[in-house]
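Assemble chain B onto chain A, guided by the hints.
Number of protein chains: 2
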Amino acid sequence: MQRLPILACAVLLGACISVPFEPAARRPDWAIAIHGGAGTIPRTTPAEEAEAYRSSLAAALRLGAGRLEAGARALDVAEEVVRLLEDDPLFNAGKGAVFTASGEHELDASIMDGETLSCGAVTGVKTVRHPISLARAVMERTPHVLLAGEGAEALADEAGLERVENSWFSTPPRRLQLERALEQRRAEQGGGTVGAGVLDRHGHLAAATSTGGMTAKRRGRVGDTPLIGAGNFADDRTCAVSGTGTGEQFIRHGVARAISDRMELSGRSARAAAEETVFGRLQAGDGGVIVVSHRGEIALVYNSEGMFRGAADANGRFEVAIWED
Amino acid sequence: MQRLPILACAVLLGACISVPFEPAARRPDWAIAIHGGAGTIPRTTPAEEAEAYRSSLAAALRLGAGRLEAGARALDVAEEVVRLLEDDPLFNAGKGAVFTASGEHELDASIMDGETLSCGAVTGVKTVRHPISLARAVMERTPHVLLAGEGAEALADEAGLERVENSWFSTPPRRLQLERALEQRRAEQGGGTVGAGVLDRHGHLAAATSTGGMTAKRRGRVGDTPLIGAGNFADDRTCAVSGTGTGEQFIRHGVARAISDRMELSGRSARAAAEETVFGRLQAGDGGVIVVSHRGEIALVYNSEGMFRGAADANGRFEVAIWED
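Protein chains in written order, with the numbering used here: chain A, 113 to 437; chain B, 113 to 437.
One chain only, chain A, in its complex shape:
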């Protein structure tokens, strides 16, 4: 009700002046946000270890920023950035993925094109080096959205994607984590799920997310990462979202779509929509999201101790962070 007089003024003044309710920020020509997981990231992490994470995030962000500056498509950039993070052993995706309870790796990934709402995802992948590219193959080469297990792997050969032994994904720190998890059910440590949300120069959004899932997960467990609308979503009308955290909670609350729906149906900003969802629906410690809106607004919102994250845009923003610092 209080807004009515202001609204009336705005309508009366019409095309003559604009009434900025928020500080005017120039819409960037492109924008990108990335993450490398959220969760228990102790503040006591040794400085050189934290620096290694920052360095990896910055490398991924530089790759994306450079490609976007050159006019690359959001969908391509999202895939390329996530491929780089999949190859980075620090994060729980591709090389460096966590172990299942039975000592294997089962990888999940999804990708979505905000222009067409085309999307693809895979779950339970064991031998494909870049699950994010297999997700893209599902999107482009099949009438389906989500393929599981061997059915997904069969597509890798058709798409000419690199296959590796399952043990190729193994790293000593992740094996130690499995041993600890089986002994004491200790919390996850180190880098987690990776993801990218991208707005390109052409006004299109894309989101890509890739993960090894939970340490010591039950065989066949599917988390939020391959589920469109849970851990990953992009729609040119609203935003691109990639999530990381307790997958079951992200599925239950349909986090990625809930953020998009709050922007579309309630007119929320990316930040407000993400905060309502992450603080109002998820439980403390569940994780976080990165959101890039169709106007280039970036929101990095989490309710855990930290989130490996980065943001860059055409207006010169370039930052990586782990905690509130």
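It is worth saying that the hints were derived from the structure and are not from the lab. Incorrect hints may appear among the rest.
Chain B is faced by these chain A residues, among others (derived, beta-carbon under 10 angstroms) [said to hold, decoys possible]: (1) Asp188; (2) Glu218; (3) Gln361.
Built from N, CA and C at the ideal position, the CB exists for glycine as well.
Below, chain B alone, put in the same frame as chain A:
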């Protein structure tokens, strides 16, 4: 704006009178909606065949209505009704499921409790007679929401659920459909995915959905049925939804959650929310949904030639239908 004077009247008159904007319908003490699939259901279907479908739907509806009248919980009723439909060879769930391209059956199911938002789902199940009960076991016996393939089946023994040979699900009409699909990619025929949305006497909602997927589907293909927020959703604040149709479209548009979000964020009725989503987002022929709201409103909305469906409530409603008739 036009509502302001009316609103002012309503506020002034306060507790004295109510101002019904819509025809007043007494909130039923319980309500249930079911479906047995949507799609190409020719109007030329022989009368006795259509009658068989109606009879099966009525039996499921009677089971649910009787249990609800007696005070049973929504979650239990949703599961029991879907179990009955899984055993019915007319529908594409459990016995009578369609064949995959390789001549097997891979079943998906999910269930959600609107009171707690607890949910469970399975995909790629080959040997469990009642996939909906396995979905419930995922919900109640694991920290996970979705289990795939052998990982899901392993839980069946822990939960004491009946196992059957994969060929137990086979029926001659479905084998004929597979042969036709492999030859000519003919459209699906006969009953489809099954589902139930339930409001119980205690004010709680639940949704359950079960399917054999698409005829001649690719191995490992996961549709919308096991994906919370796509083909199944329940939240006591809004509604219970079960969907049926082109799964990939239901995933892309997150149909079940989109309906709930429209009720929650835009104040839509169940019918308006379902119509906006089914007619505004899906493409003609994609399928439909059944929705039961927290006030007992039932919406049965589809954009295909027909939908096998039924609705009953404590106010005496009891109906089954296939087309607009």
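Okay, the hints, checked on the actual structure:
1. Violation of the interface hint for A:Asp188 is found here, the shortest Cβ-Cβ separation to chain B being roughly 20 angstroms, above the 10 angstroms cut-off.
2. With a least beta-carbon distance of about 9 angstroms to chain B, the hint placing A:Glu218 at the interface is held under the 10 angstroms criterion.
3. Proximity of A:Gln361 to chain B holds as hinted, the smallest CB-CB distance being about 9 angstroms (cut-off 10 angstroms).
Going down the numbered hints, you'll see the structure goes against just number 1.
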